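Trainee: Residue-level listing of the chains:
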Amino acid sequence: MFEYLKPNKIFAISSKAPKYVLILFIIVISIGLSEALIFSPEDYKQSHSVRIMYVHVPAAWITLGIFSGVTFLSIFGYVTKIKNFFLIAKSLAPSGFVFNVVALVTGSIWGKPTWGTWWAWDARITSMLILALFYLIYLLAWRIFDDKDEVFKITSIIAVVGAMNVPIIKYSVEWWNTLHQPASINILSKSSIHTSMLFPLMIMTAAFALFSLLIFLMKYNTELIKIKNKGLDRL
Amino acid sequence: MNDLLLMNGYGLYVWSAFIFTFFSFTLLYIVTRSQLLKERKKFFDKFGSLNVEKATFAKNQSINREILSNYQKI
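Residue numbers (my numbering), protein chains in the order written: chain A, 1 to 235; chain B, 236 to 309.
It cannot be assumed that every hint is accurate.
As a list, the in silico DSSO-like pairs of lysine-lysine whose alpha-carbon atoms are at most 27 Å apart [as the list claims (entries may be wrong)]: (1) Lys-45(A) / Lys-289(B); (2) Lys-294(B) / Lys-9(A); (3) Lys-281(B) / Lys-16(A); (4) Lys-190(A) / Lys-273(B); (5) Lys-148(A) / Lys-273(B); (6) Lys-289(B) / Lys-19(A); (7) Lys-277(B) / Lys-190(A); (8) Lys-277(B) / Lys-83(A).
No wet-lab data here; the hints were simulated from the structure. On a predicted model such as this, the values are computed, not experimentally measured, just so you know.
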């Protein structure tokens with residue numbers, strides 16, 4: 001199984017894929033934007049401000065997904081000693097960080113017309129800010145430490161500690177009294193969001209996922225070429 | 236058109252959220268792409284400076300071959 005996770009196998013695909021992923025992203029985001037900004041209805045309570053949901057929610061979902069992925073990859077890498085897991089985790093982190101910032105900023109913009117304030121130190125928002133700090137520390141650790149074993153160990157610790165914050169983010173709206181509304185979409189039970197809003201939300205989520213895939217592929221290619229450059233120096 | 240821009244007075248919030256999102260995406264794409272192109276250029280420069288023996292040896296590695304032959308512009 002791990003044969004397919006070897007850098008040369010992945011690079012054979014990742015070197016050609018970005019062009020096609022970019023085209024697909026442009027198509028999906030065009031549909032998503034027209035649905036989100038034009039065709040989807042306004043909310044009976046929040047009016048047009050609800051449209052911010054179409055960028056805020058997918059960004060929040062994807063940043064949480066990426067951090068969970070980074071954590072699993074770091075643990076797998078540490079257990080199996082396969083360095084490529086760390087390389088994949090490292091390549092995923094930049095887009096995860098940007099999605100986290102987007103979720104925070106768009107949430108803040110949405111907060112002003114909805115709650116009357118740009119920022120509140122409530123559980124959901126604060127735990128999302130903490131996640132952004134973990135992303136930042138994770139990315140900085142890759143820049144600061146040169147020794148491979150040391151950087152693998154430190155980034156794994158950061159990812160595992162940061163992952164403890166993920167369930168806190170998810171359940172913060174249930175565990176504490178927050179300004180942030182509870183989840184409208186549930187996998188296990190009936191969602192409280194109408195399909196006319198769910199459809200554009202899913203399209204935008206797919207577009208954001210494609211964008212993170214595009215950035216991951218480009219970043220992964222960059223990291224592999226960097227390693228190959230070092231290899232050429234040693235010849 | 237006016238309705239789309241003003242959105243019942245929420246236009247400023249909605250449009251700034253969307254503009255910020257796509258500005259962030261564009262910036263991340265440009266930075267990531269320029270890093271990739273920089274490393275690629277470095278690779279070609281280094282490969283070009285190798286003698287025939289070393290270049291043949293380097294070409295034995297599949298990723299090097301992939302970078303040299305199959306790498307498409309993104």
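Trainee: So, for every hint listed, does it hold in this structure?
Mentor: Going down the list of hints, with the structure as the test:
| no. | hint | verdict |
| --- | --- | --- |
| 1 | Lys-45(A) / Lys-289(B) | 69 Å, violated |
| 2 | Lys-294(B) / Lys-9(A) | 16 Å, holds |
| 3 | Lys-281(B) / Lys-16(A) | 22 Å, holds |
| 4 | Lys-190(A) / Lys-273(B) | 49 Å, violated |
| 5 | Lys-148(A) / Lys-273(B) | 23 Å, holds |
| 6 | Lys-289(B) / Lys-19(A) | 32 Å, violated |
| 7 | Lys-277(B) / Lys-190(A) | 54 Å, violated |
| 8 | Lys-277(B) / Lys-83(A) | 23 Å, holds |
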